[in-house]
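We have chain A; now place chain B onto it with these hints.
Protein chains: 2
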Amino acid sequence: MNFKKVFSFSLLLLIAGASAVFASEEGGVAHSAATTFLWIAVILIAAKIASLVEKIGQPAVLGELVMGVILGNLFLLGLHIFEPIKNDSIIAFLSELGVVILLFQIGLESNIEKMKKVGVRAFLVACVGVVVPFALGVYLVGPLFLPGADFNSYLFIGATLTATSVGITARVFQDLKKLQTKEAQIVLGAAVIDDVLGLIILAVVSAMVTAGGVGIGVISWITAKSVLFLVSSIVVGQLVAPRLGKLFAKINTGSGMKFTLAISFGLFFAFLAQKIGLAPIVGAFAAGLVLDPVHFKYFKDAKVVRDIRGAVEGADERTKKNVEEAIEPHSHRHVEDLVEPVGLFLIPIFFVMTGMTVKLDVLFDVPILLVALGITVVAFVGKIVSGLVAGKVNKYIVGFGMIPRGEVGLIFAMMGKSLGVISDEIFSAIVIMVILSTLLTPPILAWLIKRDDKKIA
Amino acid sequence: MNFKKVFSFSLLLLIAGASAVFASEEGGVAHSAATTFLWIAVILIAAKIASLVEKIGQPAVLGELVMGVILGNLFLLGLHIFEPIKNDSIIAFLSELGVVILLFQIGLESNIEKMKKVGVRAFLVACVGVVVPFALGVYLVGPLFLPGADFNSYLFIGATLTATSVGITARVFQDLKKLQTKEAQIVLGAAVIDDVLGLIILAVVSAMVTAGGVGIGVISWITAKSVLFLVSSIVVGQLVAPRLGKLFAKINTGSGMKFTLAISFGLFFAFLAQKIGLAPIVGAFAAGLVLDPVHFKYFKDAKVVRDIRGAVEGADERTKKNVEEAIEPHSHRHVEDLVEPVGLFLIPIFFVMTGMTVKLDVLFDVPILLVALGITVVAFVGKIVSGLVAGKVNKYIVGFGMIPRGEVGLIFAMMGKSLGVISDEIFSAIVIMVILSTLLTPPILAWLIKRDDKKIA
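These protein sequence lines are chains A and B, in that order.
Take any residue in the first sequence, note its place counting from 1, add 20, and you have its number in the numbering used here.
Take any residue in the second sequence, note its place counting from 1, add 20, and you have its number in the numbering used here.
Next comes chain A alone, as it looks inside the complex (with noise of 0.2 Å):
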């Protein structure tokens, strides 16, 4: 095992970073692209010291969350090295294009049919999952825990604890290779929903706080374009795809075209969902659903093929069939394998930054401690139960995978505080939930897996 090697070597690249940056800030030199690409090298290495974690059966996300909660936090010791991060506004917008890869990584890796497949069942789990929390945060959190407040701060807690994250879900499936299984394709496709349903729920609260009401129409209209957004996408990809597939099978026109079409189109997508009012990913995963039966020959495959049927030709013709049949699967790759290295450089950027935001120092106060633990129940009540109408499938890993609020929810949070209804401490709870929907999902999920893995054996 290499394994403490890697790890001393990683770790001197980290503390000769974070020396260097310290001496820097000492040296009062200006902030300039040098220091963001210092920044982003502490993160990578900091990452895939931390995604060391699968060694003991662990996703790697959450490793790279666990360490953004300590490289965030190292200021409660006095360790302020690593602050310029938080208001790096280019590792922010980093971070931002490391979720919109990971979901189009997610999209090209999904099957829309599939996802079909699985449509109604989404749909269901989707629908639950948004009620169930909405009613029980509006309901029951608000007038137990929080007496006499604003009926208003109880919409928007129960809004808060709608959107599922399904960033933190789908890095989870895709680290234990079960992006494929009924239930991944269950929990994405409710995911992307309830992003839709989170996002009309949010408009409308939004409005009613600020407006003291709102029309039917706004709702419809609301609810219209993001339905449209989607439904077109996979309409519009399906009939697309197959005459997009046939023309990037032909085309030569030197390495990088394919993928940089492929990704343009990724980036467009996530670009026209932000538009529309959609969350950027939802976009993203949508192109990535649509190119998804394109096949991309890659170019130095081909020459695999030819130098391998080349050395066999003096060969009897069974060994030459096995050997056809041992290439075809390199013989052509997918957009995925050059999308991969992008997401290797990004995405981690996306966990790291997302661990950092939360602040442990609210840890540390005893009564929002216990209004977090109620909201926190709460939040994993109502996603769980919306596993229950999700068919013959593992009803506690799709419960489970819907949990996460993460980056979405602490939107929600922000939103709510900024129009004066949430209140600090109703803040600092709900950061405290997400920090452990987060937290707690990957490994609850990786032994869920696990064990169905070891009963179907």
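Mimicking DSSO-like on lysine-lysine, the simulated pairs with C-alpha atoms at most 30 Å apart in a straight line are:
no., chain 1, residue 1, chain 2, residue 2
1, A, Lys106, B, Lys106
2, B, Lys198, B, Lys475
3, A, Lys415, A, Lys75
4, A, Lys340, B, Lys340
To be clear about the criterion: a stretch of chain B counts as covered by chain A if any three or more of its residues have a C-beta under 8 Å from a C-beta of chain A, and this derived list gives those stretches:
no., stretch
5, 115-123
6, 285-295
7, 334-340
Keep in mind that the hints were calculated from the coordinates and are not lab data.
In this text, a Cβ means the ideal position worked out from N, Cα and C, and glycines have one as well.
Just chain B now, kept in the frame of chain A:
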């Protein structure tokens, strides 16, 4: 040929993108990460359309630069759609990251042993390529075209003429697959040394302008730390690289570890170079050079090898031997292959943005144009003569390879402008010189290289 289809599809995406932004600008929606996603998509698609100049034998980089010039000057025709790109700080960062990745890539593809072999020649070329243009600038161009101007202005014009922008030349060699030639190695080595010499000159000239003079101590210190960085990078690299190679060859802690370590290493060196006062690209190049001897096994490919070995198990010995030989080059891959997609994503942004900084309206001012042409001739001649000391290689390729000034020249001119010794007119003239040296070099170099190929054949 699917040239037309690809072209129309790309164009469609581009127009859709531009219209989308246009619509959004009209709607008055605030700038967000999503808009930057769109800009990235637009730049990538535009770059890929432009790279079709490869079909007429031109290097892709020329197309990307020209596309940048077009997009950046559409405002002259009243089209302001692409103007926001110029002020997008995130695009600017991605562009800088792109050129860092490019030089890291070039460093990976360069061989440290080969570089040492051409070291003395590269040093000679660099010295001549700095001294001649500097002297010509200060004592010929200045007095001749700007009689009566401040001597400090002459000094700055001279300094502007010294720096070689290695990015463009390196891309041409890369596009034409000539990075391994002696000429390319000399130019790369000389360009890096040039950067160091140019930096020293710039620091000294700036000190002379601001302080009215400069001590030998300052000059020595600037020189020492620059030389120290490069020498220690290479020495340490040669000591550490073989160990690192051994270590990396054994790592099997999940895919992506080596890629992450390598790219973090490159970014870290880019940061270090900047700290010392060198361009980040010099650090990235040094990092690539250091990592060069390190072979990184690429996990997926190990599977190709296993599959094919299994397929020929029953075959005769000769076939087995043939197959072993055929798969050998595919059995391990350099980290280059993983860095490549990241480069495909980021590098075009740099070249399109470099093109976009070009302002064509200065071309309509005849007096400036004349000064510009004078400076340009000196810029060309000063570097072409440097090829004369390149030894037994194609002297023209080396000489012309040294010509591009690119963004380095612009940075020098910008500094002179901020110090008040470069007027708006001289600045415009320098911009034209940079345009011409940047746009004319790729086709000339491509032509010289092809002529050289024919001669050898």
